[in-house]
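Novice: Kindly produce the complete structure, drawing on both the sequences and the hints.
The listed protein sequences correspond, in order, to chains A and B. Positions 316 to 709 (the working numbering) are the ones given, in order, by the first sequence. Positions 316 to 709 (the working numbering) are the ones given, in order, by the second sequence.
Worth flagging that the hints you see were computed from the coordinates, not collected in a lab. Values in this document were obtained by computation on a predicted structure and should not be read as measured data. Be careful, since some hints might not be right.
Claimed, not checked - Selected chain B positions facing chain A (Cβ under 10 Å, derived; list incomplete):
#1 P328
#2 Q410
#3 R476
#4 V607
#5 S609
#6 K623
#7 E652
#8 G668
Every residue, glycine too, gets a C-beta built ideally from N, C-alpha and C.
Protein chains: 2
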Amino acid sequence: MSTEARPADADRPTLPPAARPGLPAGEVDTPALLLDLAAFERNLDRLQARADAAGVQLRPHAKAHKCPDIARAQIARGAVGVCCQKVSEALPFVQAGIGDIHLSNQVASPAKADLLARLARHARMSVCVDSTRQIDLLAAAVRTHGSTLGVLVEIDIGQGRCGVADAPAVLRLLEHLERAARQGAGLHFRGLQAYHGAIQHLRDAAQRHQQAALAAARAARVLTALQHAGVACPVVTGGGTGSVAADLASGLYTEVQPGSYVFMDGDYALNEPGPADQALRFEHSLYLASTVMSTAGGTHVVLDAGLKSLATDSGLPRVCAVGGGATGHRYLAANDEHGIVQPAPGAATLAEGEPLWLVPGHCDPTLNLHDQLVGCRDGRVECIWPIAARGLSR
Amino acid sequence: MSTEARPADADRPTLPPAARPGLPAGEVDTPALLLDLAAFERNLDRLQARADAAGVQLRPHAKAHKCPDIARAQIARGAVGVCCQKVSEALPFVQAGIGDIHLSNQVASPAKADLLARLARHARMSVCVDSTRQIDLLAAAVRTHGSTLGVLVEIDIGQGRCGVADAPAVLRLLEHLERAARQGAGLHFRGLQAYHGAIQHLRDAAQRHQQAALAAARAARVLTALQHAGVACPVVTGGGTGSVAADLASGLYTEVQPGSYVFMDGDYALNEPGPADQALRFEHSLYLASTVMSTAGGTHVVLDAGLKSLATDSGLPRVCAVGGGATGHRYLAANDEHGIVQPAPGAATLAEGEPLWLVPGHCDPTLNLHDQLVGCRDGRVECIWPIAARGLSR
Chain A
316 MSTEARPADA DRPTLPPAAR PGLPAGEVDT PALLLDLAAF ERNLDRLQAR
366 ADAAGVQLRP HAKAHKCPDI ARAQIARGAV GVCCQKVSEA LPFVQAGIGD
416 IHLSNQVASP AKADLLARLA RHARMSVCVD STRQIDLLAA AVRTHGSTLG
466 VLVEIDIGQG RCGVADAPAV LRLLEHLERA ARQGAGLHFR GLQAYHGAIQ
516 HLRDAAQRHQ QAALAAARAA RVLTALQHAG VACPVVTGGG TGSVAADLAS
566 GLYTEVQPGS YVFMDGDYAL NEPGPADQAL RFEHSLYLAS TVMSTAGGTH
616 VVLDAGLKSL ATDSGLPRVC AVGGGATGHR YLAANDEHGI VQPAPGAATL
666 AEGEPLWLVP GHCDPTLNLH DQLVGCRDGR VECIWPIAAR GLSR
Chain B
316 MSTEARPADA DRPTLPPAAR PGLPAGEVDT PALLLDLAAF ERNLDRLQAR
366 ADAAGVQLRP HAKAHKCPDI ARAQIARGAV GVCCQKVSEA LPFVQAGIGD
416 IHLSNQVASP AKADLLARLA RHARMSVCVD STRQIDLLAA AVRTHGSTLG
466 VLVEIDIGQG RCGVADAPAV LRLLEHLERA ARQGAGLHFR GLQAYHGAIQ
516 HLRDAAQRHQ QAALAAARAA RVLTALQHAG VACPVVTGGG TGSVAADLAS
566 GLYTEVQPGS YVFMDGDYAL NEPGPADQAL RFEHSLYLAS TVMSTAGGTH
616 VVLDAGLKSL ATDSGLPRVC AVGGGATGHR YLAANDEHGI VQPAPGAATL
666 AEGEPLWLVP GHCDPTLNLH DQLVGCRDGR VECIWPIAAR GLSR
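Specialist: Put into structure tokens, the structure is as follows:
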């Protein structure tokens with residue numbers, strides 16, 4: 316290489332980009348998170364069409380992608396807005412101009428309530444509560460900032476995490492909320508949140524649909540009791556990727572919150588689809604590009620991607636060829652920065668330097684490890700999207 | 316609050332800092348990663364003193380902390396430099412002026428070799444190899460950038476990951492390396508790397524020391540064979556936090572690479588100390604500050620810290636009071652952004668808004684989730700250190 320070809324910053328070391336538009340997808344510097352744009356767009360289209368047909372609003376969960384470019388693609392197709400799970404996570408979406416964000420979670424400290432009330436000056440924001448203390452924190456914050464917040468009471472429909480148990484508990488919170496509103500706080504009751512995370516990952520389709528129906532029935536009983544008490548609930552929000560066919564058919568939800576459908580991870584792919592899920596099959600669009608970095612071991616090879624590049628809480632990744640094709644290679648163990656892979660019996664030798672794509676077991680915490688998503692189409696890099704909310708867990 | 320007290324940026328939402336120097340440690344916005352500076356400094360002093368006494372150089376692994384401020388504290392006490400695991404991870408350390416970095420890993424792509432050769436213009440860099448192809452990539456890169464690299468051959472002493480098996484394999488690589496050097500590449504053989512990660516986490520002290528001795532003996536046989544072949548190995552590097560007492564006593568290692576000793580995580584704390592470890596007990600210095608965000612469930616409470624704030628690959632976190640005292644509360648399950656905690660039987664009620672500190676199961680991937688480390692002393696925030704290499708896995 317001539318001296319002219321040396322980078323001008325040779326004496327100021329910086330990190331070169333992992334990819335540039337036009338680069339063959341197999342040549343991205345690894346580990347890097349890749350998005351198959353065609354599969355991604357089909358996933359978005361598929362769910363939006365089904366939600367439209369069901370007359371249910373789609374409010375995808377942005378905790379899965381943390382990426383304003385993806386939120387814009389969802390809203391362009393008809394989504395009413397997005398969900399976020401943390402106040403700080405919502406910030407880059409507000410900054411990117413996303414106009415309607417539901418915080419599907421409780422806010423339990425003055426600092427977080429303050430940030431939320433500030434964000435509500437720039438976007439239509441709503442938030443969940445399950446205690447009077449949270450209402451008091453929100454009331455103080457919206458008074459400080461002169462903003463308004465939609466408030467949804469979360470009910471526990473079997474998840475056993477957050478949320479109150481029954482209609483009397485909802486009514487007690489509503490009374491507290493109305494008192495705060497009468498005293499001038501810009502808090503408006505918007506409805507109920509009813510979410511059951513554990514159902515999402517039930518493998519058996521019949522069991523998953525049955526449990527989703529039971530959870531919806533539990534929410535419906537609370538809703539009916541509120542209606543008898545003269546309380547209108549304009550919104551009932553909840554649901555997820557695993558139960559979305561049942562959620563859309565339930566007659567309960569006015570909006571659904573799936574997140575992972577955008578990517579389809581290894582865990583969700585293990586859900587057996589039932590008859591009702593057939594029109595809602597999602598495709599893997601998310602891959603972690605990795606490279607064989609050592610073959611010295613002989614019977615195994617070592618990839619350059621481990622715990623710091625992909626989440627393993629829902630299982631080890633599936634090993635694919637560049638482009639996503641099956642290989643039969645097995646990812647045996649994740650060290651911090653290494654993945655041990657057993658080549659498929661009879662497969663051609665895996666050479667040092669060879670790229671392999673991995674389907675992560677769990678998409679949400681995998682996205683949370685990366686600063687950017689490399690969008691690919693027809694085998695080439697098309698775009699690089701910042702994962703702007705990565706690490707924003709406050 | 317008066318209008319004057321409103322922040323000036325009320326119409327330009329930004330994320331307020333989690334903490335400022337002087338803030339009581341229990342009031343940091345959560346989740347936030349905290350460093351108990353006194354315990355941290357004792358850990359650093361303790362290992363440096365023991366390494367000095369053993370006449371072994373200390374080259375702590377920066378993959379554990381990814382934080383140039385911590386590297387500086389280690390070097391100020393006598394460490395000869397640091398290790399990094401990825402080329403991109405080394406970049407912020409070079410930018411921060413760390414002058415001696417060993418990449419304890421293989422580099423298997425031209426882009427990574429190129430960055431390494433660029434970094435070697437600014438700091439004394441070395442790297443591991445276990446193939447001739449890696450040597451060729453390094454040779455091309457140092458030629459391009461006119462830099463020099465130390466090269467260590469990694470040998471497999473039982474880990475079964477990277478590294479060649481025996482002295483003849485080392486000699487074949489040395490021959491290849493010498494040929495590249497004769498052709499003008501700035502590559503210099505510096506010695507051997509011999510690391511066995513699995514030993515680090517053996518619970519039984521006798522078994523751990525026995526396995527460490529076996530691994531060291533395996534390395535010693537390779538070293539002796541090289542000496543018989545007339546090859547000098549100025550450096551033998553390896554070892555980790557779990558085996559460091561044995562490594563220092565082995566007579567094999569000229570330098571050791573422990574990383575986690577800085578923090579002591581939940582997993583390492585489960586190692587039973589043997590007689591030889593007694594002078595090298597490390598203290599928990601790393602905590603994830605969290606807050607009780609919902610108590611609606613009644614029999615459990617929900618923390619605001621889950622998979623996106625702490626790594627669970629080596630077990631769930633231990634629940635402590637602010638300051639690190641034991642509580643007996645049990646962290647039962649980590650969702651993406653929630654932690655389910657069962658209060659200790661007979662404990663005082665855990666109230667919404669109450670801060671709790673968690674000891675992560677595995678420090679390295681937990682640091683990799685956070686952008687900053689909040690240093691505390693005597694119950695107050697003292698400093699905020701960027702985790703500058705977070706996410707740098709390329």
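Novice: All hints, please: hold or fail.
Specialist: Status of each hint after checking the structure:
no.	hint	in the structure
1	P328	holds, 5 Å
2	Q410	holds, 7 Å
3	R476	holds, 6 Å
4	V607	holds, 7 Å
5	S609	holds, 4 Å
6	K623	holds, 5 Å
7	E652	holds, 5 Å
8	G668	holds, 5 Å
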